[in-house]
Each structure stands twice: as structure tokens, then as C-alpha cells.
Amino acid sequence: MVENRPWLDFFCHVILIAGIVVVAFPVYVAFVASTHGPNDFMSGLLPLLPGNNMLDSYGQMLGSGVSTSGVPPLALEMTNSLIMALMIAIGKIAISILSAYAIVYFRFPLRTLAFWTIFITLMLPVEVRIYPTFKVVADLGLLNSYWGLSIPLIASATATFLFRQFFLTVPDELLEAARVDGAGPLKFFWDMLLPLSRTNMAALFVILFIYGWNQYLWPLLVTTDERYYTVVMGIKRMADVADAIPQWNVVMATVMLAMLPPVAVVILMQRLFVKGLVETEK
Amino acid sequence: MAAIELSKVSKVYPGKVRAVEDIDLAIGDGEFVVLVGPSGCGKSTLLRMIAGLESITGGEISIGGGVVNRKEPAERDIAMVFQNYALYPHMTVRQNLEYGLKNRKTPRPEIDRRVAEAAQILEIAPFLDRRPRQLSGGQRQRVAMGRAIVRQPKAFLFDEPLSNLDAKLRGQMRVEIRHLQRRLKTTSVYVTHDQVEAMTLADRLVVMNVGRIEQVGTPTDLFEKPQTRFVAGFIGSPPMNFLERSALPDEAALNGSVPAGTATIGVRPEHVNLTPEGPSLALPMTVALIEPIGTESHVHLRWNDNHLIAAVRGRPAIREGEPTTAHLQLAALHPFDAAGQRLA
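For the record, the sequence lines run as chains A and B. All the letters of the first sequence, read from the start, carry residue numbers 409 to 690 under this note's numbering. All the letters of the second sequence, read from the start, carry residue numbers 10 to 353 under this note's numbering.
If you are wondering where the hints come from, they were derived from the structure by calculation, not from laboratory data. A portion of the hints provided could be inaccurate.
[As the list claims (entries may be wrong)] One side only, chain A facing chain B, incomplete, derived with CB under 8 Å: (1) P579; (2) E584; (3) R587; (4) V588; (5) D589; (6) P593; (7) L594; (8) K595; (9) M600; (10) P603; (11) L604; (12) A647; (13) D648; (14) A652.
We put the beta carbon where it would ideally sit given N, CA and C, even for glycine.
Same shape as in the complex, but just chain A (with noise of 0.2 Å):
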């Protein structure tokens, strides 16, 4: 239906620039803060134009890090943090769409009890079997490691059971195909299914990477060794200062860089997500 009202037209920007601006607004406050000296917050005021600091800012995190507070230079806890994200991101995709593979194309014994197995753990997250996880990792020597990380964090019910809905709208008919011309089991995985998930994996990397590159609590738990701490630990141990005036100049600083990897993400594989989530192309 096409309508032309133009009262109708003015409200609704109205509401779509409030909106922007609502969620824009932090982001902006936290550029501003990056610019300036780390003297301007003392009165307590924050300014809403940039400053001049800019380059000491972002340099001082990028170079050396805050010796004070314990943060290593950024660019290792960034370093860490995308080597995590990405390990989550991929080790869940990949464990994700295998299972839902085996669930759907196999008749094994269990088959559903399996299914419900993976789709009951939905109900606990890291936080709730944190002690038990946490037990497993340091009898397995991983706590201080890129693996300690992330293994514990990418089995996944939610990318199970989305690869196992796409699975299931795949004609049957394109498999007995594939049999008819010669693709074994692995084959019509890799030269069908693969290729047919595509969007799918893309929108799911893009949520998975950011909930990786967010992740704080586990981090903080399994690391001790700043080798491996993580920009989300990083910022909030910035933060967290005793006896001191946090330096909110490079906290923000760095809460700009550790939003940029992300928004990366977002806006390169945009259109990808976006036909992932819409679009199912058979």
C-alpha cells in the first residue's frame, strides 16, 4: 500500500533520528572523552567537543599501556581478543553445522535423544556450569591458553539447531541426486551443503564473533598471565583503579579500538548477514 502523508513522513524520521541519536550519543561522549587530556575530567564535567589529545591518547594505549593499572599495550590484548573471538566464532560454526549434518542425514540409534541432548544444554550458558567448566580447563592444563578461551565456549545448541532447520528445507530430492551422480556421504556435505550454508555461516559469524570478542567473565577467569588478557578485561581493569582517578582519556580510547574490530565485521559481511537471516536460497 502506498500512501503519501506527509505528517506521517515527518513522524516517522522523528522517531528514526531520536533513535540514532539515543544509541549514537554514548558512542560520541566516548569519542570525545578520547580526545581529550586526562586532566579535563577532574571537575567532574564532560566535555561534549573533542579535545586535543587525541594522538597522546590512542598512542599511549597502542604503544605502551597503562603500567599502573596492570593493562599490557593494546595491541596484544586486541591481538588476544580477535584470536579468541575468531577460534569461537569458527570452532562454532564448524562443530555446529557437522552435528546438525550427523542429526538430520543419519539414522543412528538415539538420534532424537542426541538431538535434545545438544538442544537442552541451550538452557546453560557458561555462567550457570561456570565451576564444573572451570574444573575441566584446569585439569587440562588450559587455563593461561588460546584453548582454555575458547573451547569451553563453542559448543553451541543455538547454531545446532539453526544449521539443522536449513538442513531440514533441503529437498530430499537434491540429495538422492548428488547419490545418483556419485557424491558419498562427505562429498554431498562438502560440494552441497557447504556451499548451500553459506549465508547462513555468515550471519551466524558475525553474531558469534561479536558474542566472542565480548565475552569478559570466562576470560577473566582462565587467565592470569597479561599474555593473554583480553581488551574487555583490559578496559574494565583500566577502569577499576584504587586510590586514583581512573584516566578516562584512554579508557575511552580504548573502548573506541575495541569497537572497531566488530563494526568491522558487521560492515563488511552486512549484506551476507542480511541474506542469511531473510533469504533462503534453494
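Assemble chain B onto chain A, guided by the hints.
For chain B alone, kept in the frame of chain A given last:
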């Protein structure tokens, strides 16, 4: 190319559902056999058993002399054309055609040669680099055929390949499939529920009903001498008329044209005339409905509880609701006994 033999083939699904029972059928090398029957008669199941997509619970299937019961579909060297085409959506037409050959480790030049040849035969060369999504229904159907042709298999299996096309295109593709099969001389098994398709394509027709074969024969055989009442009613359009023997007048009028023991008499609409042509059985009827269909008209006639359709040329000079006389050609009556088997 190869002969296909089915002996005592059965399919029983878990829960004792018998989909196919004791099918014996020998399909000659290069023959075009059509399996036809109403939905649920087991024709698709039988085809899928030949293809290897359904397990065989009894009997033996051999293709080209070797028993294939335990072989994977790919090892049976057959190619199948599916109802919804089942093209690989993420591959171009060329990749679709190549896929089976690549899996067989066919050398590259040979693949290219066969794809080019199939594309030329089916006139799909201009679309080779498109995706299936960008093709029309008829073009997709051609690609599906192409995928079968390039393999140069022992047999083609068609599972209602034309039912997703509109009526006009269906007629056209039907002719093309027939030409193609004549040209390639590949043994073909074709499943359909459309008796026109079945009649026009088949060298031999296999009419199936509730998991069993009712009759096997050439289209003409089945049309002219249906062995069972089911076949008689299934083949032909409009369908054959059936009259209970008991509802008809005495022996004298029938003039000995049906044997003793006849329970039902069948007569095709084209053998029911409104004016007598040769020796015939006259029945007083009322015109219930006239359907003009171009060159002929279907006249629905009623007499007590009996209902007849007469196919007459042109437009008859009668009106709905008027009394008339139906003349059934005595030479063209099909007598069936109480069990539905043909007599004489």
C-alpha cells in the same frame, strides 16, 4: 545401455505396509517402458528401487545382467530425472552437468566434449553459465535431462518429470523426450500418473494398482484389449463406460456379443453413437449434459441409474434434457466378469 530385469520384487515398509508386491518385469535393451497408475499404486517406489534410492525387501533387480540389489545408486550406472528437477542450486548449468562425470573421474576433455554435445542436443548451450534459479521451468527440465544424458548411463529413470510444467510445455517436452530416447536408444523407465503421457511415450506400458501389475503391453494392446476392468477404466479419456449386465435388456438384443458369465460390460465413449452404425445395442437415454470440445462433443447420457458418455463428432443436434437413443456398437463391447477380469 542394458536390459533391466525385475523378479519377484517387493517392498514392505516397517509396519507391514506393502507398497510393491511380487513384481516380475523384463525391460529390453533400449526399450521405453512407462509405469502408470493412480497415486499410491507403488510406481514411484518401484522406480526408486531400480534407482537404488529405496531398499529392496524381496526379490531381485538386475541391470545389464548383474544383480544390483546391494549396490549404491551411483554404482548402478543409471541416471535419474526428478519431478522437481533437483538441480544443484549453487552450481551453474555447466557445473550441474559436469558434477556426475567429475565424481567418476572422467578426464577433462571427455567431460567438455560430452557437456558440449548434451548442450547442443538439448539447446541449452546459451545458458551453460547461468544458475538454475535464472532459468524457466522448461529450461530447468532440459538441464535435468542433460545431467542424465552426459553420464551415458545404462538406463534413464524418469520420475514424473513433466508434472511441474504447464500443459503446453508438457506436450512439447513429451515429444522431445520421445525423440531423444529414440535417438540415444537408452533403456528408459518412466513413471507418470498421466495416461496421455503414458500412451504417447511408451513402447510398453505397465499399469499398476495397489502395488501390483495389472497389465503389461503396448499402448494399443492396453487400449484395445484391456485385461482388467481397472485397466479399461484407467486408459482412455474420457474413460470407458461400464454398465452392469443385469441392468441391460435380454440376450436377444445383445445378439451373443458377450460371453456367459459377464458381470460388467465396458464400452468406450467413441463406440457409443447417437445414430446406429452397424450392429448395435439401442438404449433409450436422456441427455444430461453436452460438453463441446472442439472437434468432438462429449454427451453425458442418463438412463435410470446408468450413466454413459458418448463421444460424437462435431456438435450433435440434440439438447440437454431431451430423450435420445444410445447405440452401443456390439463389436466394441468389453466383457468383464464379477472379479473384473476380461472374458474373451
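Hint by hint, here is what the structure shows:
1. P579: With Cβ-Cβ at 6 Å, under 8 Å, it holds.
2. E584: E584(A) check passes; min Cβ-Cβ to chain B is 5 Å, inside 8 Å.
3. R587: holds (5 Å)
4. V588: Where the cut-off is 8 Å and the nearest Cβ of chain B is about 5 Å from V588(A), the hint holds.
5. D589: holds (4 Å)
6. P593: violated (11 Å)
7. L594: Cβ of L594(A) sits 12 Å from chain B, so the hint is violated.
8. K595: holds (7 Å)
9. M600: Result: holds, 6 Å to nearest chain B Cβ.
10. P603: holds (4 Å)
11. L604: holds (6 Å)
12. A647: violated (48 Å)
13. D648: Hint on D648(A): violated, closest Cβ of chain B at ~50 Å, above 8 Å.
14. A652: Because about 58 Å separates A652(A) from the closest Cβ in chain B, which is outside the 8 Å limit, the hint is violated.
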